[in-house]
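Visitor: Chain by chain, the residues:
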Amino acid sequence: MTGFMAIVVRDLRIALRQLSDSLMVIVFFVIAAALFPFGVGPEPNQLARMAPGVLWVTALLAAMLSFDRLFQADYEDGTLELLAVAPQPLWLTALAKICAHWLITGVPLLVASPVIAIMLNLEPSGLGVLMATMAVGTAIVSLVGALGAALALGSRRSGVLLSLLILPLLIPVLIFGAGAVEAVLGGFEARQQILLLCGLLLACLVLCPWGCAVALRAAVE
Amino acid sequence: MTGFMAIVVRDLRIALRQLSDSLMVIVFFVIAAALFPFGVGPEPNQLARMAPGVLWVTALLAAMLSFDRLFQADYEDGTLELLAVAPQPLWLTALAKICAHWLITGVPLLVASPVIAIMLNLEPSGLGVLMATMAVGTAIVSLVGALGAALALGSRRSGVLLSLLILPLLIPVLIFGAGAVEAVLGGFEARQQILLLCGLLLACLVLCPWGCAVALRAAVE
Amino acid sequence: MLCIGPPGAIFRRIMATFEGHGLACIRSDRIVFAGLDFSVSPGEALILTGANGSGKSSLLRLMAGLGRPAAGSLLWNGAPVDDDRDAFFRQTHYLGHRDAVKAALTVRENLAFHGALRGSGDGTGLDAALSAVGLDALADMPARMLSAGQTRRLALARVLASPASLWLLDEPTIALDAASVAAVFAAVARHRAAGGMVVASTNVPLALEAPKRLDLAEFRDAGVTPWGDSA
Amino acid sequence: MLCIGPPGAIFRRIMATFEGHGLACIRSDRIVFAGLDFSVSPGEALILTGANGSGKSSLLRLMAGLGRPAAGSLLWNGAPVDDDRDAFFRQTHYLGHRDAVKAALTVRENLAFHGALRGSGDGTGLDAALSAVGLDALADMPARMLSAGQTRRLALARVLASPASLWLLDEPTIALDAASVAAVFAAVARHRAAGGMVVASTNVPLALEAPKRLDLAEFRDAGVTPWGDSA
Amino acid sequence: MLLHRYANPTRFLKLANAILPWAAGAAAILIGAGLYYSFGKSPPDYQQGETVRIMYVHVPSAWMAMFSYAVVAVASAVGLIWKHPVAHVVAIAAAPVGACFTAICLATGSLWGKPMWGTWWVWDARLTSVLILFFLYLGFIALANAFDDASRGERASAILALVGAVNLPIIKFSVDWWNTLHQPASVTKMGMPSIHTSMLIPLLLMALGFTALFVALVIVRARAELAARRIRALRSARIHRDAAEGVSA
Ligand code: HEM
Ligand SMILES: Nc1ncnc2c1ncn2[C@@H]1O[C@H](COP(=O)(O)OP(=O)(O)OP(=O)(O)O)[C@@H](O)[C@H]1O
Ligand SMILES: Nc1ncnc2c1ncn2[C@@H]1O[C@H](COP(=O)(O)OP(=O)(O)OP(=O)(O)O)[C@@H](O)[C@H]1O
Ligand SMILES: [Mg+2]
Ligand SMILES: [Mg+2]
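Protein chains in written order, with the numbering used here: chain C, 41 to 261; chain A, 41 to 261; chain F, 335 to 565; chain P, 335 to 565; chain X, 63 to 311.
Okay, chain C solo, but in the shape it has when bound (with noise of 0.2 Å):
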C-alpha cells in the first residue's frame, strides 16, 4: 500500500509544484464556461437550461486534457518499466495514478461547479445534486479516461483507435450526469439517474484498473 500513496504523491507533487499551480485548475474551468456565454448570447434562462451540459462537457474537456500526459510521460522517461517490475499488482498501480488525476482534475471541477453553476444562473436548488452527480461522474471520467490513455501508449495505430472507442463510453455519464441536475430543477426525484451513475462508477472501478493493467504491460513488452 505504501507504494500505492507513493505514486499518488508523486503524482500530485508533479502536477501541484505550487499552490498557483492547483488555482489555475480552477481559474481554467472559469474561462472554459464563460466562453459559452459568448457564443449562445446572454439571456439568463437560455443559459441556465444549458448550464448542466456545459459542466459536463468543460470537465471532459478538462480530464482529456490530461489524459494524453497521464501515462506517457512515464512510458517515455522509462518511469513505467519500473513501475511495472515493482513488487506491486500493477493494476494497483493503475488505480493510483487514476486517483492522483481524479485529485488533480476531478476535485477542483467540483470545488469550482458552484461558481460556474452560478455565472450561468443556474437555480441553487439544483446545485447540490450537480455536486453530487460531479463526483461520482468525473471520478468515472478518470477512470475511462486512464483506460483509453493506457491503450493509445506506444502510439500504436491499433492502440489509438481503440482509445478512441473507449472515450464514447462516456456518452451515458454526461446524459445521466445532466439528465439528474435537470430532473431536479424541473421539481423531479433524481434518485434513479444517480444510482445508475453509482452503478456504472462500480463497473468501471473493477474494470477499468484491471484493463488498464494488461495495456500497460503490453506497452513496456
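Possibly wrong hints are sitting among the right ones.
As the list claims (entries may be wrong) - Here are a few chain P residues that sit away from chain F, every Cβ distance over 12 Å (derived from the structure):
(1) PHE372
(2) ALA385
(3) ASP420
(4) PHE423
(5) GLU505
(6) ASP511
What the hints assert, rightly or not - With beta-carbon atoms standing in for the labels, derived distance ranges:
(7) X/ASP304 <-> A/TRP131: 50 to 56 Å
(8) A/MET171 <-> X/PRO105: 34 to 40 Å
(9) C/ILE211 <-> P/MET479: 34 to 40 Å
No lab work stands behind these hints, which were simulated from the structure alone.
Even for Gly, the Cβ is constructed at its ideal location relative to N, Cα and C.
With chain C held as given, fit chains A, F, P and X with the ligands onto it using these hints.
Guide: Same frame as chain C, but now just chains A, F, P and X with the ligands:
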C-alpha cells in the same frame, strides 16, 4: 522555403502514422456537441437557436486538446534545438508547424462541423457562412494556440496553463464567428463579422509566428 | 562511503542463483537471439557484450521480467521466475537506457519515490546512495537542472538506495566521468562481496574483477525467421 | 566508405576560424564557467573535458548558438557570430545529448528531414552517411525499432549527411560499439583533412590525432554569484 | 566579477528608495481626503441615491486596472528589446497589483450593477473585456511562476503581455463601438467633462491616490523580488561549490 515544406510534410506524416491528435479532437467535438441536446432538452427551435454558439465553443475547446503536444514532442527529443539552429528564420519554422497543425486539426473540425450542425438542427441556410467563418476561425485558433503552446513549453502543468493563456485571446473569434452565423439565420448580412475575422487573422499572422519564435528561442536556451 | 540500506543480510541468507536456459527473443518479427543459456550465482558478475543491436538490452529486459522470452525459461533459485514474480521483483533492480528521472521533482524526491515504491521508505539508505554517487550536495535541486552525467548518477543511486540481490545494469557507465565510474565499480564490488549478483551490458571495457562474459554475437541466427523459413 | 556529400570544396575555400573570448555561462542564477577563451582553425580538433556538470554541454550549446553567452564574444572568421547567424548556422552541425530521432519515421525519413531543413535535399550524401555508420541495411525500419546505439548512429549520420565546416559533438561515442566508434573517428579524420573543424566533449578518452584540449574545470569560479557576491 | 545579464540594479534601487516614502505618503493623504470627500462631502446622486458613492472606488480602480496593464506591457517590451532584467522585475511586480485593481473594479461594478441594472452581471462588451483583462493578468502571473528558471518565465510572460495589450483599446472604446448597458465615458471625454465638480474632485483625488499607491506597491514588490533572486543565486552558488568539492573529494 524547402525547409518550410520539409517541416509541414514531416508533421503530417507523423500525424497520419499515429492518428491520435486529429481523431482525439473530432471525437471530443462530436461528444461535446452531442451532449447538449440531452442537456437542453430536444425542443428543436431552442436547439437551433443555440446551435451556432455551441458549435463554436465546442470546436474551440476541442482544439485545445491538440496544443499540448504541438511543440512538446520536438522539445523533449531535442529536435527543437536543431530547428532553432537551422539556417532558416525561426518564425518561418513556427509558421510551418502552425500550417501543419491547421491541416491536422483545423481541417477535420471543418469537415465535421456541418454534420454536427445538422445534429443540432441548424437551418441549412446557415451552413455556408458557418463553414466560411470556421475556416478563418480555425486558422486563427491554430495561430494563437501555437503561441500559447510555445509560451507554456517546458512549464509545469502545460496542458491547463496554455488553455488558460489561449482561451481569453480567442473570445473575440468566438463572438464574431457565432455572431456571423446568427446574423445570417436572423436574415441579416454577415459581411461585417467576416471582415473582422479576416482582420484578426491578418493580425495573428503577423504577431503569432513572431511571438512563437521568441518564445521557442527562450525555451531552447 | 556507501552502505546498501540495511546491511545485505536479507539476501545473504537466501543465497539465490539466477539462470536461463534456451532463451530466445523475438522483436518485431525478427529473432534477435536464440538458444541462449546463462547462470549467475551469489558474488558473481556477468558482462554482456556484442555489437549495437545484438540484443544486450533485450536480454536484460527479459531477465528483468519486461516481456516473456519467446522460448526457454528463467529460473530463480531453481524455480521458474513466473511462479512468484513479486518475490523475484523484490530481489531485483533494473537500470535501463532511460534514466526514469522526473525533471519536475528534486533529486531526493526522485529517489524517495522509487524507494517507497519498493517498500523501503527509510531515508538512511537514500542519503548513503546520494553521497555514494556524489550527488548529496544537489539533493534538493530540481532534476531538470542536472547535467547528463548527473542524471545518470541519480539513476544509479536508485539502485544503491534499496537492497536487492540481483542488479541488472544496462550500460551503467554511460555519460559518467572517471570519478563516478570508479564509485560505481566500488559499489558493485561491495554488492558482490555481500553476496549480490550483477548482470551488466556494455560497449566499453568494464573493470570488474573476475567477471563471467557472454557475447550476444554467438547467439544470433540471422537467416531464420520466427516461422522457421530461412531467408 | 564515406564521402561528405558534395566534396568539401564548399568550405575549403572559406578557410574559416572559430574562436571565443572571455566567455561566461549562467544557468539558473549560477555561473557555470567564466573567462573562457578558445580557438579552432581549419583541420583542428578541440576536445572538451571536465567532470560531470563542469559545463561541457553548456559550452557546446553556446558555440552552437543555443543561447547567448552571459559575457564574452564568439567570432566566426574574426567577425562576431551574431552579425550573420544564418551563415554561421549553415556552416555548423550540432550533435547534442539527445538524438532528435522521431520514432514514428523510418531511418531514411529521419535523415532526409534534417537534410531538407539544411537545404541539401539530394539523397546521395544521405546514403553515403547511412553506410558510413552501418545503418544502410536498416534504412527503411521505423526508428522506434532501433537499439540505443543504432539510434545514436542515426544521429551521427545526420552530421555526415550534409556538409558543414564546423562540427560540435557532445559525447559522440556514447552507446556506440567499437566498430562504430572507429567509423566515427575515421569520418572526423576525413572531415579535418578536408579543412573542417571539430569540437567534441567527452568523458572517455577519444583517439583523435593531435587534438587541442580544454579542461572546463579550470574555468569554474564556484562561490561567486552573477551579482558579484561571493558565497 | 560582474556579468551583464544582471546589470547590478543599484541605480534602480537608489531611485526606488528615494521615491518610496513620497509615494506612500501621497497615497495615504490623497486616498484619505478622497474617502472623506466622497463619503462625507459629495451629494448623493439625484437618481442613483447613495449607491453613487460606489463610483469613487469603482472608476479609479477601473482606470488603474488599465493603467497597470499598460505599465506591465511597456516594461515587458523594454525587457524583451533591451534585455534589461530590471524591466522584467518591474513587470512581474506590477502584475498582481493590477490584477487586484481589476478585481476591485469587477466587484464594485457588479455591486453597483445589482441596484442599477437589477443584475450582478451581464455579458456586455465592457464588462466582458474587463473580465478578459483579469484573465490576462492571471495568465501573466501563472506563466511568470510556471518555470523553475526565472529568466524563462519572465520572457514568456513578457510576450503574453505584449500580445494581450490589444485588449486595452477594446476595453476603453467598447462602450462606443458596441451598444452596452454600461455608461460611456463622461469624465474622460474630450473637452468638458459632463460631471459635476462636487463629484469630480473626490473622484480625481481617489484616482491620484490609487496611482501613488500603485507606485509604492510596485517598488516594494520589485525590491523584494530582486532580493529574493540575489539570495537564490547565493544559495545555488553555495550548493554547486559543495557539489564540485564533493566530486573532487
Ligand atoms: C462588473 C461590472 C462593471 C465593470 C467591469 C465596469 C468597468 C468599468 C471600466 C473599465 C471603466 C473605465 C472606463 C473608462 O475609463 O473609459 C468604468 C467606468 C465607469 N463605470 Fe463601470 N463597470 C461596471 C459596472 C458599472 C455599473 C453597474 C455602473 C453604474 C451604473 C458603472 C458606472 C461607471 C461609471 C459612471 C464610470 C465612469 C465613466 C467615465 O466617466 O469615464 N459601472 N467601468
Ligand atoms: N537545463 C538546465 N537548467 C539549469 N541548469 C542546468 C541545466 N542543465 C545543466 N545545468 C547546470 O549547468 C551545469 C553544467 O551542465 P552541463 O550539462 O553543461 O555539464 P556537462 O559538463 O555537460 O556534464 P555531463 O558530462 O554530465 O554532460 C551543471 O552543473 C548543471 O547543474
Ligand atoms: N522497441 C523495439 N521494437 C522492435 N524491435 C526492437 C526494439 N528495440 C530494439 N529492437 C531490435 O532488437 C534488436 C536488439 O536491440 P537491443 O536494444 O537489445 O540491442 P543492444 O544490444 O542493446 O544494442 P545497443 O548496444 O545499441 O544498446 C535490435 O536489432 C533492434 O532492431
Ligand atoms: Mg542496449
Ligand atoms: Mg553534457
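Visitor: Now tell me, hint by hint, if it's right for this structure.
Guide: Now for the hints, and whether the structure bears them out:
Once the 12 Å rule is applied to beta carbons, P/PHE372 is consistent with being away from chain F; the minimum gap is 20 Å. Non-interface call for P/ALA385 relative to chain F: violated, since the shortest CB-CB distance, roughly 5 Å, does not exceed 12 Å. Look at P/ASP420: its CB is around 29 Å from the nearest CB on chain F, clear of 12 Å, so calling it non-interface holds up. The claim that P/PHE423 is not at the interface with chain F holds, since no C-beta of that chain comes within 12 Å of its own (minimum 24 Å).
Against the 12 Å criterion, P/GLU505 falls within the reach of chain F, whose nearest CB is about 7 Å from its own CB. Listed as a non-interface residue, P/ASP511 fails to keep its Cβ farther than 12 Å from every Cβ of chain F; the least gap is roughly 5 Å. Taking 50 to 56 Å as the suggested C-beta distance range, the pair X/ASP304 and A/TRP131 does not conform, at roughly 43 Å. In this structure, A/MET171 and X/PRO105 break the distance hint of 34 to 40 Å, their C-beta atoms being roughly 58 Å apart.
At roughly 38 Å, the beta carbons of C/ILE211 and P/MET479 sit within the given window of 34 to 40 Å.
The structure fails to meet hints 2, 5, 6, 7 and 8 from the earlier list, while all remaining hints are met.
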